[in-house]
Amino acid sequence: MRPVPVVDDRDTGPFWRAALNGSIAICVCNQCGEALHLPKAYCHHCGSWDINWRQVAGKGKLYSWTVVRLQVHPAFPVPYAIVVVDLDEAPGVRLLGYLDGDPHLTAGQPMQAYMENIADVTLPNWKPN
Amino acid sequence: MDLAEIDGVICSDYDEVIPTDLAHSLGLDGITYWGTVGSAGAAPCAMIGHAMAAIIAGMASNVLVFRALNGRSGPRFGAASPSAPAKACGGNGTYDEFISPYGLLVPGQMWALIARRHMIEYGSTAADRGAIALACRRHANANPAAMMYGRPLTMDAYLGSRMLTDPLRINDYSLESDGACAVVVTSAERADDCPQPTVLIRAVAQGTTSEAQPGNFYAAVLRPAVLEQPSRRVAELLYRRAGLGPGDIDIAQFYDCFTISVMIQLEDYGFCARGEGGAFASSGALEPGGRLPITTAGGNLSEAYIHGMTHVLEGVRQMRGTSTSQVAGAETCLVTSAIPTPTSALILRAS
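Each protein sequence line maps, in turn, to chains B and D. Here the first sequence is numbered in the numbering used here, starting from 1 and rising by one per residue. Here the second sequence is numbered in the numbering used here, starting from 130 and rising by one per residue.
Since the hints were made in silico from the structure, they are not lab data. All values reported here derive from a predicted model rather than from experimental measurement. Just so you know, not all the hints are guaranteed correct.
What the hints assert, rightly or not - Covered stretches of chain D, as calculated for chain B (at least 3 residues, CB under 8 Å):
| no. | region |
| --- | --- |
| 1 | 171–178 |
| 2 | 200–209 |
| 3 | 236–244 |
| 4 | 293–300 |
Beta carbons are placed, not taken as given, at the ideal position from N, Cα and C, and that holds for glycine.
Could you build all of it, start to finish, from the sequences and the hints given here?
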């Protein structure tokens, strides 16, 4: 069975709750505005504990990818691609995505988020736009 | 030195053998200092540093630093563990919830993402990585103790080898090995009384980053910078402590879990400019008689994967003049431990 994420963690739960509503949200500091990715409760930029979540458009650019040809897990038959996507509205904040097969990919190409339901979890995923 | 003189033991946080196990197995009756140092392959140089610090502080006199691993017959680092169906992944600071659901499960996949990014930003090529694989293999072919002894590798064979995680091929990957090795750290005065030539520790450094560094380390691909690793700041601190620079280094035992990790360290340790690790590797610098012989026993790629402790041993051999690929007249040797985790490195000197 494909690994599903823990969705009720104190630091990362809001990301998955946003996904349930069809959106992508990133953790930001309310005081200095810096993105805190991966999400955490404390801003090391300004020392604030005042953390919030900002909804961003599900658009990004392809930062890197690998096509996996050696199978290591029963839920992930090969080939498949792992993509790293840089968010348009929060450059430097990156998320992973999964693509079945051996897709033709180009560095920097536009990527579009979509929501994928696995078991009872909603997983943000990415495809070429 | 007799075993009875060992009063300290340092082990790796990934080892299944803890210091008291070793004391029991070897009958060490006088252990008064021990420590466990992490993380994983990033540890060996730091382990030497912990032993050195203990000796300087008067906490121990002769410290055994070891790594033992059944990476071939035991648990395999390159194998993903199939999650139990009912168990969700991540949480509790691991951030695995952002990683495993997308099929990123083993180190070779993460390093492929980093290698691809290096190709995109700097134009490095498969042949550049091949030059690193070939340098390590050539040294392994001179080392009868290496797993790849007697198995030469050509560039054509490298470029034709099986793709595992595009763009990385099987010859970009380290080996899986069963083995163990150890060094004894002691004072220079005591070492001078031993039959083997003394090797001096010029400097040791550890360094990390404030970016997410959870247990499975794959979140390293989500850092703002993936092509500059903690090795960059470790290099600066190490050179400052040593009073030396990259131009003073004769040999480098780079931690080579994958060819791409060597390419990035060539840049981070200042042997070439940022982005030019690929061109430097292909320039002939790593060839016999070149500017910088690397991993002269064969490394993780072609000697054995003992999580970087073999790199320390080979540095010692080079400084004693006993390597199977001895570099004539070498006086300094850089040894590094793993990235992208917090990392460590040291510089050895011939006495």
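Taking the hints in turn, this is what the structure says about them:
1. 171–178: violated (count 0)
2. 200–209: It holds: at least three residues are needed, and the region 200–209 of chain D offers 3 whose Cβ sits within less than 8 Å of chain B.
3. 236–244: Held - the region 236–244 of chain D has 5 residues with a Cβ nearer than 8 Å to chain B, which meets the minimum of three.
4. 293–300: Since 5 is at least three, the answer is holds.
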